[in-house]
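Listed below are the residues making up each chain.
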Amino acid sequence: MTSGTASGTQRIPTGAAPGRGRRFLLTLRQLYGKPASAVGTSIFLLFVFLALFGPLVAPYGLNQQIALDARQGPSPSHLFGTDTLGRDVFSRVLHGAREILLLTGVGTLLAVIAGTFFGLISGYLGGWVDEVIMRFFDSLLSLPALLLALLLLGTLGRTESSVLIVITVVYTPIVARVVRSVVLSVKSKGFIEAARLQGESLTWILFREILLTALPALTVEAALRFSYAIFLVASLGFLGVGVQPPSPNWGLMVKEARVAVSQTPWALYFPAAAISIVVIGVNLMADGLKRVLQATSSESI
Amino acid sequence: MTSQTQPEPPILEIENLSVAYRQGGDWLLAVREATLQIRSGETYGLVGESGSGKTTLVLAIMRYLGENGSVRSGSILLQGRDLLALSKGEMRQVWGKQITMVPQNPQSSLNPSIRIGEQIAETLRFHQEMSAVKARSRAVELLEMVHIADPERVVQNYPHQISGGMQQRVMIAMALSSEPALLVLDEPTTSLDVTTQAVILDLVKELIQGRRTAALYVTHNLGVVAQVCDRVAVLYAGELVEDAATADLYSQPLHPYTRGLLDSVPRLGELKSQVQLRAIQGQIPPLGDRSLGCVFVSRCPLAVEICEQRPPLYEPDPSRRTRCHRWEEIQRGEVNAKQPASEQVRVGIEGGEEPGGSPLVLDLEDLDVHFPINRSLDEILRGGEPQVVRAVDGVSLEIKRGKTLGLVGESGSGKTTIARAITGLEVKTDGRIDLLSMSLPADLSKRDLDTLRHMQMIFQNPEEALNPYFTIGESLRRPFVRLLGMSAGEADRRVEQLLQSVSLPASYASRMPGQLSGGEKQRVAVARAFASNPDLLIADEPVTSLDVSVQASILNLLNNLQVEHQSSLLFISHNLAVVGYLADTIAVIYLGQLMEVAASQDLFEPPYHPYTEALLSAIPLADPAADQKQIRLEGEIPSPTDIPSGCPFHTRCPRFLGDICVEEIPPWRVDETTGKRYYCHIPVDELKAAQERVFSMEKAE
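Residue numbers (this note's numbering), protein chains in the order written: chain A, 197 to 497; chain B, 4 to 704.
Extracted from the complex, chain A is given alone in its bound form:
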């Protein structure tokens, strides 16, 4: 289940073309061709691994309190130390990986699906459909993401599913814009017009002909949105409006540790570091994907 994120962002580039496994491996190998994207991809894969198996590896339970060990610095028995309640920070960071990657992964996936749908429709049909959809999305985009998130959470309540909806609503317009721009650039090309002259249905043209050509741009965008979503979820946790305690949300952990920063600074540093490392990692990977996918698509176009 946890793998929703991982396969969500990775399955996309290979699409329905033949030899999708081979193409996936090829993309991965090309990602390892440059140091920056190699580091980014490794970080991403490491966190995916942690999300999958972290809870199994974690030495302590999520909310297991070891009263005697409270407020301890990093040591061999508590790698990242313990917090004021005596919880093992290492174990909580591991559990947090699953929770944050799952939440943001699913959220990003929803945003990508919705954004792709609206982007395809809007770009291809044009006219008033385009006007209505894009003006509505513009109005969503005119609010800062965090403000929009706060507004939504205020009305929806502070549950995990509300956070999912927030991610979807905040990122759908952005994904839709990217997809729409690709649609606009291919819709007047010969192969789309040839498809129309062959009487292909709207669904075929949109979801086969055009979607395939949009996949490279979409993949890169999905990876970028994913990293921003991690950021957003962590920020919401930190502000205390997102997921509620005792969840191991990294943002929430930073918020809780902030009060006691003079006593247990490690309880703040480690989750904060986890956030920045994964965000940087995914960003580097997105940059790499852009390089790799654009190179292959310019070869084939």
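Treat the hints as calculated values from the structure; they're not laboratory data.
Any given hint could be a false lead.
[Stated by the list, open to error] For lysine to any residue, the following SDA-like pairs were computed, each having C-alpha atoms within a straight-line distance of at most 20 angstroms: (1) B:Lys-691 <-> B:Thr-677; (2) B:Lys-449 <-> A:Ser-397; (3) A:Lys-486 <-> B:Gly-517; (4) B:Lys-403 <-> B:Ser-440.
Dock chain B against the given chain A, drawing on the hints supplied.
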């Protein structure tokens, strides 16, 4: 042709110049051991297809190769000075002063935010250290030199305010302003229309003749070379295969590649029933996969064992060179360097009209396509008629079964819009489109599959014709599945036959478009269009973006499949030679209106519509010995938002009569003997008396 007998040293002397690009860890040779000299006052043509290395050679001469390119050996002397020994700083003194360049695309070479006069003056101030005032007045003089009618106004203009032809004149003026030793012209007319091209070519000829400048004219167009160059060098896959005086090269090429190039494009006035185009087999080998022997060996009809060794630079006579082992046999006529006619051209039933006349496949009547222009808020508030672009205005045409109608016109003439309106990709404003006597709805989405099956289209750009993420097989399967309702298995079997019919191996079905060359992609596109066995095929500039040597094979293919399927063809092109070759009937269009409709053998004979006459005169003939009248059109094509009253051609017409042309719409006049009809106030007899045949060429043997 300029027979300079005095032993003056050449301006540019290149010897054994090799240029390579680094790819991965290897150096791939892009130009190998090129040798050429250009003398003062000489125009030297460098001809080659894409991938031949002509750009590389030019960049190397200018010391302007990119990071990954380098000169591996040889020397470049400009007026005796070794350019390769100069530093970047010293080269900066050479660029723009001793070597100048006229680029292919003037639009991207002029700064859009600086006035024309200022841009010219800047060059003068920098290279000739002129004072600002003097530079400005010199700029006006330079514009006069390139025959710009109103130079005082043009110096005040920004580049976007003047036409492409004018921009190119400005570039020529700038390039000649420093009286350079070497002028490089890189496809200077490729982006221009034929009528504008003719004027620019005249200008180039005139300006170079009066100077000591040596000119290097780079192009892929054999016609242009024949018109402006004294000598020609032919470049193929990085090798200068032949080098001769223009007249000699065209009358007796001594390299099979040159022969192949000349045979692969139709000359103006040639018909498919008389002459067969011979495509050069195969394709130009990519860098790194070139024979160490003769580079042309893989495509040469004369290749023998010795050709595996690299031919030396033979000198049949002091003024010409060739790199073919068998030049003597070619010269003596013992062997034929022509490409084999593998694709036998079939000609449809000639004149075999059925008694009742063949049925009409396409019948257009008074077709109008107008595009509204978005109005500003101010215009909407003031009311009044919204402006429209009259892309197509009252066009009536018909095509009989199995026949080809050629539609020819310059850019902006509306020829593509006609095609798009027929297919429904563009919605017509008014008029009737009948396919097989059924009236077609304007909008594509309202046409049923049965209608679509009867009509297919081939697009101009093969790079965009196929979905880059579908295999060739997937792309070809769709018309069978969609239009003919076949099962997947059945469709797959047909795909194999289809590939065979366009001479591609069946294994191509599993390839991606990126793995195919441009010519192969266009073959696939042609195959797809014929899949549903359409009654009408519309081909919009299908060979324009292809290299000369593959154009012939696509034209032959198109023609053969058309005969086989008994389809009618609407063939659209700006190239009158190609249209004339392929079509049975030709329609000439100007500003969205038909000017002349004639059977193709009659189009080239008077009486001509004055516009056709000018077009025929503007086309650069690939034959230096040809006799061609010089009729040049003044001014630019008017904007289709503001079509001139009366006869739309009156603003540029060399046979302008007076008020009648401005005020009255001309009648259609019919030449009784040939059935040719044209749209002009001048009656048939008068026109016949006034006109002579515009061009005459010696027929190729």
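Taking the hints in turn, this is what the structure says about them:
Straight-line distance between C-alpha atoms of Lys-691 (chain B) and Thr-677 (chain B) comes to about 13 angstroms, which keeps the hinted pair within the 20 angstroms bound. Using a Cα cut-off of 20 angstroms, the hinted pair Lys-449 (chain B) and Ser-397 (chain A) holds, with the two alpha carbons roughly 12 angstroms apart. Pair hint Lys-486 (chain A) plus Gly-517 (chain B) holds up; C-alpha atoms about 19 angstroms apart against a cutoff of 20 angstroms. Restraint check for Lys-403 (chain B) and Ser-440 (chain B): the C-alpha separation of about 12 angstroms stays at or below 20 angstroms, so the hint holds.
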